[in-house]
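Visitor: Build the complex from these two chains, which are given one at a time in their own frames, with help from the hints.
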Amino acid sequence: MLTETELKTLADKALAFANGYDAEILVNSGDSALTRFSENVITQNVSSHNAGLSIRLLKDGRMGKASTGNLSDDGLRRCVETAAAALKVAERDPDLFPLPGPQEYRKVENFTPATPETTPDTRAEGVRLAIDRFKRDELEGAGIFSTGGSGFALANSRQLWAYHPSTRAKFSISAMSPDSSGWAEDTDNDIGAIAIDEIARKAAQKALDGRNPADIEPGAYTVIFEPAAVAEFLLFLAWEAFNGLAYVEDRSCFSGKSGQKVAGDNITIVDDAYHPMTRGVPFDYEGFPRQKVTLIEQGVFRSAVHNRKTAKLAGVDQTGHSMPQPDAWGPMPGNLILSPGDSTMEDMIASTDRGLLVTNLHYVNILNPITMTLTGMTRDGLFLIENGRITKGLKNMRFTESVLHVLNNVEALTRELFKTGTFWGGGGSIAPAIKVNDFHLTSKTEN
Amino acid sequence: MRQLAERAVETAKVKGASYADCRIIFTETEETTVQNGKVSELNISEDIGFGVRVIVDGAWGFACGPGTDRESIDRIAAEAVSIARASAMLKKDDVRLAPEPVYDETWQTPIVEDPFAVPLEEKLALLFEIDRTLRTDKRIKTATGSLEFLREHQWMATSEGTFIDQLLVRSGAGFSATAVGNDEVQVRSYPNSFRGQYMTLGYELVRGLHLLDNAERVREEAIALLTAPTCPSGQYDTIIDGSQMGLQIHESVGHATELDRVLGMEANYAGMSFATTEKLNNFRYGSDIVNLVCDATVPGGLGTFGWDDDGVRAQRWHLVRNGQFVGYQFNRELAHKINAERAVSSNRADGWNNIPIVRNGNISLMPGKWKLEDLMADTEGGIYMETNRSWSIDQWRLNFQFGVEAAWEIKGGRKGQLLKNANYQGITPEFWKSCDAICNDEHWVLWGVNNCGKGQPGQRAEMSHGAAPTRFRKMTVGVGN
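Chains as they are written, first to last, in my numbering: chain A, 695 to 1141; chain B, 105 to 585.
Since the hints were made in silico from the structure, they are not lab data. Note that the structure is a prediction, hence the values are computed from the model and not measured. Some clues are possibly wrong.
Unchecked claim - Pairs of lysine-lysine residues, derived as BS3-like cross-links and limited to a Cα-Cα distance of at most 27 Å, are as follows:
1) K782/A - K242/B
2) K864/A - K196/B
3) K537/B - K1089/A
4) K242/B - K753/A
5) K829/A - K195/B
6) K537/B - K829/A
7) K117/B - K242/B
8) K955/A - K245/B
9) K1089/A - K578/B
10) K1089/A - K196/B
11) K1006/A - K537/B
12) K196/B - K896/A
13) K801/A - K1089/A
14) K537/B - K578/B
Isolated chain B, as found in the complex (with noise of 0.2 Å):
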């Protein structure tokens, strides 16, 4: 494979690159769903293909195929170069990459099980049982289980020299129950809605979630939705768990942050961003307890890797350092747009088959000092609001309003009756500013977003944020309601 990408690369400068890249991936997938007694998935799938991203004048371009035939790496090579050359048509300044060492690495991602070895057999026969449990009530309309597995090797070369041969390797499992009645549908899910909980961990991931013990629990509590009262609109003081907390960091801070998007980029599909670069050293984005770091290092995360495909080696920094705006997501060719001098491990592309584009990483809210109870114990009336059902922001990431499975009352310090149909409604800035605690590390998880959407054209990526349960004075809750 090393040999095809360089052959690539040199292709490429023979045709006229004063840089190139070429990344082959293989890719293999298992995607197992059981749903209402049947198997409504199987499917085991892998792929190959290669991208090769140029410089020519000055301006990128980028063209790909299927396969690793020589062939066709030298005519996807001289097609990446020719619409270099359309693109330096139209073009202000020559794109300039910031500096990056030369490596010769290899890189994988750590795990303890194989899951591609365990067998089939035992994988349904986890999903069935979930499946009968989840409907020994008749209310419950859709029972959903799923295991997904992904191992991606990536070989690639650049111009200046750098290879690096990646295997990385994630696992997600998970289930829902639906419930139908009094005129409601309500879904509760394990451990995460939209097919549960992601990382890049082997078999030891689904071990480790105890999905069966949770089943009976998830059930009667989707049951209990339907005839819960609805969650009262108004301003309370809400306590949001961490998995919310997940896509309420990668709503309101992982694309606000992502350089890109602030200057532009983006501002034609998924929006631009309220964090722009004169704030940045100069704005308070949350209280000071807030803390948000981006990690490329921490062990299990969706957005963990060695290198970057930029050829950038992983790292860590933070965003927001005591509750003011310190840092941004990005890659080689925008680093001198806020002068900085090397990039940041942002640059990600969704297989082979699409440029690598700045992506939102693994960004967590670092966690503080209360224990949960004692949380809810001086929370004397508020709400407490657990699993993401409905997530929506602005094009500049401002106004948010995310809707939840389940809620429960906090009354009297303590955690009272269940809730139906709960959301909440804030602006980003005003909302971080309202964070009085947070819990601790021993509520802290990192949860996986496998499914991010971002570019045109379209592009998946995978990333986790960690987080535990939190609290905010003086919510918007229950709009519509």
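Excised from the complex, chain A in its bound form (with noise of 0.2 Å):
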């Protein structure tokens, strides 16, 4: 991957290049590698070096935008005359807001050099380590180990420079028996910290506990959630919920709602950048610093996330998450923390008379966004609790439930926070796992 230096001087050469404009320079380097296994063989194994730039005009205002993944002086010069071009036809835009002037952002370290250098022989030796275990359990393994490390850089006319190293290592494995089927995955900057062995344990484990499925009716129930499937329920809020563009044009399920109660009082969500487990980018797509922003508090809505456009239509101060404009979508939070509750996983088992377990969720998504409606699977762990204690696997069941009747009905969170992505991408979030009550189970599946 390009350093901070040669990002630099590729952005400024793009900004030269822009001479008599107001220019806004995205520029990434990234390279990443992929080892991929099922039926306990390596299937895929791939690696990539990525660089790409993006230039922003503004004059007059109007705006014009082209991207590249060609870094050659041609490239670079190509790239600001499309810009200009399209900078010409565009519609005047009396809102259009000037570009910010140097900032000052918060370090955040997450950056582990030996994270992308990893070889593919070092990865091959972490799928071996997890699949002799598999092998030994009579079980298949089917998963990923990736490794990379990316630069992202920001540049302005106005003498604006953001730069963000980061390395991320990712091990993610499925463990499958003829009826079953078990899943566990860890993150981290630091390739060093991924404990295989201990990965692979979980996800045997849970297919090994999960064989000879038993059929449940849909209905009501008690559901603790192990924090895979709590992110899912995070992800759909960020995208819909407190997301300021929504909330601004009345499509969220918040808006207006400032100051009421949204959620039981033991469910505050914050998005922060700079918490030890997320460690995110300490600045958004226009430059301007990431704000630590209280979303629900001890369950009181507080604010949506803005960028400077929803920011001026909700009368309040923007809190550093612009997308790349121009934005369609609308700022949105990618650090998501639930706070913790008091409860361990032991303990939110052991005081359910009946109830289930769910390790992940599947292809979720949204049918409401008003009434926050989700559905989608489990999927990868699906068990049943009777008398506090976990007593057989269940086959699959689909749900479909409004996350704000899940916010209001969490009876316990456990004091303990796991980092964890989501199905469909994005950020990932810090959440516990939680017991909810009352949590609609609405049809079955054959597996």
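Guide: What follows is the structure, encoded as structure tokens:
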């Protein structure tokens, strides 16, 4: 990947070519590698080197934008010319915001050099470690071991410069028996922190415990959701409810509800790029410092996240959550944290007379943004809890439920927080496991 | 470009590859969006890079990089070889590629009007006119219109001697109106949700869609939905329009018949499939009238090309014939798993920086004989559903639930009142077996899906699904209403 100096050189060249305009440059570079396996063998092994640059020009209330993967001088010059041509035909926008000047950022360390330097042999050895366990348990494994690093920088013609390097290692594995599956994963900027043996043990145990799954009927259940499942709920809140544009256009379930009770007292959700478990980018896509925002505090809705446009419409300050401009979707939080409670997974199970344990959710999607009704499937470990203990594995079920209903029926949250991704990607979230009452499962499936 | 691609292949062979291919891809895109009277997207981009795929010691390796300079090509080809050697540390059997003739060919998407030659001023003027029409009622809080064009030039060389030069063109256009009020958020789109219709056509797609002519209707339907009754819950005979049928085919047939998924290669991410290999030619997928065909040659399809990224010539084949499960989508590597002598054209990569994987192609439900008005008249009581709003399916491609933008009651054989918040749920084989009527080719449209996600690392692919309005008996609708 390109160094900060190399990225700055590219940005400076592009700015020089854009002389006569207000100009904003986004430039990124990254190396990533991924080893994929299934049926206990490596099936795919890839390495990718990427770099790209985009230019946004502003002049006389007009804007034009272009991007390129050709970072030669000719490529940059042509990119500027294309953006200038687009600007020429763009409608004048009296509400166009000027580019900001230099900003101060908090340092966020999220870079471990060893991670992108990981060799394919090291990844293969990691996969072998997990697969050897699965073979002993007569399970089949499928998953990934990925490593990489990237640098992202933003510059503008008003001397703003922002740069954030990061690394990421991820090991994710599914364990499969003929009639059950289990799953676990871990991600960290430091490959040395990925505990492959423990991840494989967790996934294998889920698959072994879930064998000979039983049927249950649709209905309302007390459900304990592990953190990966909780992250799915948080992702849709980020996209649809905490989005500043949806909020000001009255499309969010929280529109007009600032200061109102929307969830149980035990629910506090913040967006915080500086939390030691998130280590997010400390600036947004216009170069403003990213702020920690309290979204829901002890059940009371406090704020959406905003860029300058949505903040102006809402009559509040922007929070450093701009997406690349121009932007049709709106500002979104990317570092969500659901505050922990005082319970443990063991306590939550022990206090459940009859309920379910959900390991993860699959293919969740939104049916109604105002009620925040989602539907999706359980996956990789659905278990029945009876008289305070897990008694059997179950066939997967579909749910159709409002996230607002969930947030008002959380009986307990664990003390421990976990970093977890989601099915659809996104930034991932920091979440505890939660115990929810009156959760609606609406249909069955065969596996 | 040919010399560069062949240089990569030669380098890989010298380093020890028993098979190698190189794809160089140059892409140009133009994306324009107008939202609530402002240009909210106006991005023109170009990109070039290459990917090298090799087999060494019987295992795959892939590496890629931007640009096309010789030093990078040599370095990346060597990297692909070293990665393949690591893959060989954990293999069961050597990779075996099904035979395919050697080609030296060119292919190009046939278009009438180059979309990149149409002035941006004209495109913006169209989007602003649509925007103004949609926002004449204050209950429309968000009006969004977009135009999107892509031109992708691919050069592929293989160590078997194949060289293919392809130029693909895609166009997309559409708009939506989001109405807010009465504690509801309702959206209507034209011609389809999620940015509209996409095809491998030129600007003639945009001109043929008559976007502006539909803006007033879309606005009024979005507003009417705010006060419409909620779709009832229960079992109803349901007619599903062609665009929603497109996504239904995509999720419950397309992904279900991808052989890599069946074999567990997607198990950690998008899941597997109920359509396991012992069911091939031995399983009733749907009723007798259900014929589902995958066709990489159909004009206008997003998955239409001359050759796939395995260098396999575009083909047309049945997945379901007269209700029977008869075919998979698979690549050269997996052909032997079902004793196929040759691959079908299903291996595709997202750009230069991804390895080809088995992808859902242009899968269509063949038209039946009904006129839509006759089918309505034949339906005593039921629901008509139109335009996807939400989709979800389990990791075995069995239990699905779809939400739609709008539905109408069918009463006494006539389309009745508008219904909001409609959805339906089913289990794939039972659903297709309940299909008892399909509208004719006058109602049949090839609907583009331009955002299909699969793979780790994630890849996006585009494909189309042809369908006409189709009736299913006793569907579960209105879940959670």
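Visitor: Work down the list of hints and note, for each, if the structure agrees.
Guide: Here is how each hint holds up against the structure:
1. K782/A - K242/B: Roughly 31 Å between the alpha carbons, so the hint for K782/A and K242/B is violated.
2. K864/A - K196/B: 24 Å, holds
3. K537/B - K1089/A: 23 Å, holds
4. K242/B - K753/A: Not satisfied, since the Cα-Cα distance of roughly 31 Å exceeds 27 Å.
5. K829/A - K195/B: 14 Å, holds
6. K537/B - K829/A: 39 Å, violated
7. K117/B - K242/B: At roughly 65 Å apart (the allowed maximum being 27 Å), K242/B and K117/B break the hint.
8. K955/A - K245/B: Holds. K955/A to K245/B sits at ~25 Å (cutoff 27 Å).
9. K1089/A - K578/B: It holds: about 24 Å lies between the C-alpha atoms, which stays within 27 Å.
10. K1089/A - K196/B: Violated, at about 31 Å.
11. K1006/A - K537/B: 54 Å, violated
12. K196/B - K896/A: 25 Å, holds
13. K801/A - K1089/A: 47 Å, violated
14. K537/B - K578/B: Holds, at about 11 Å.
The structure fails hints 1, 4, 6, 7, 10, 11, 13 (numbered hints given earlier, in ascending order).
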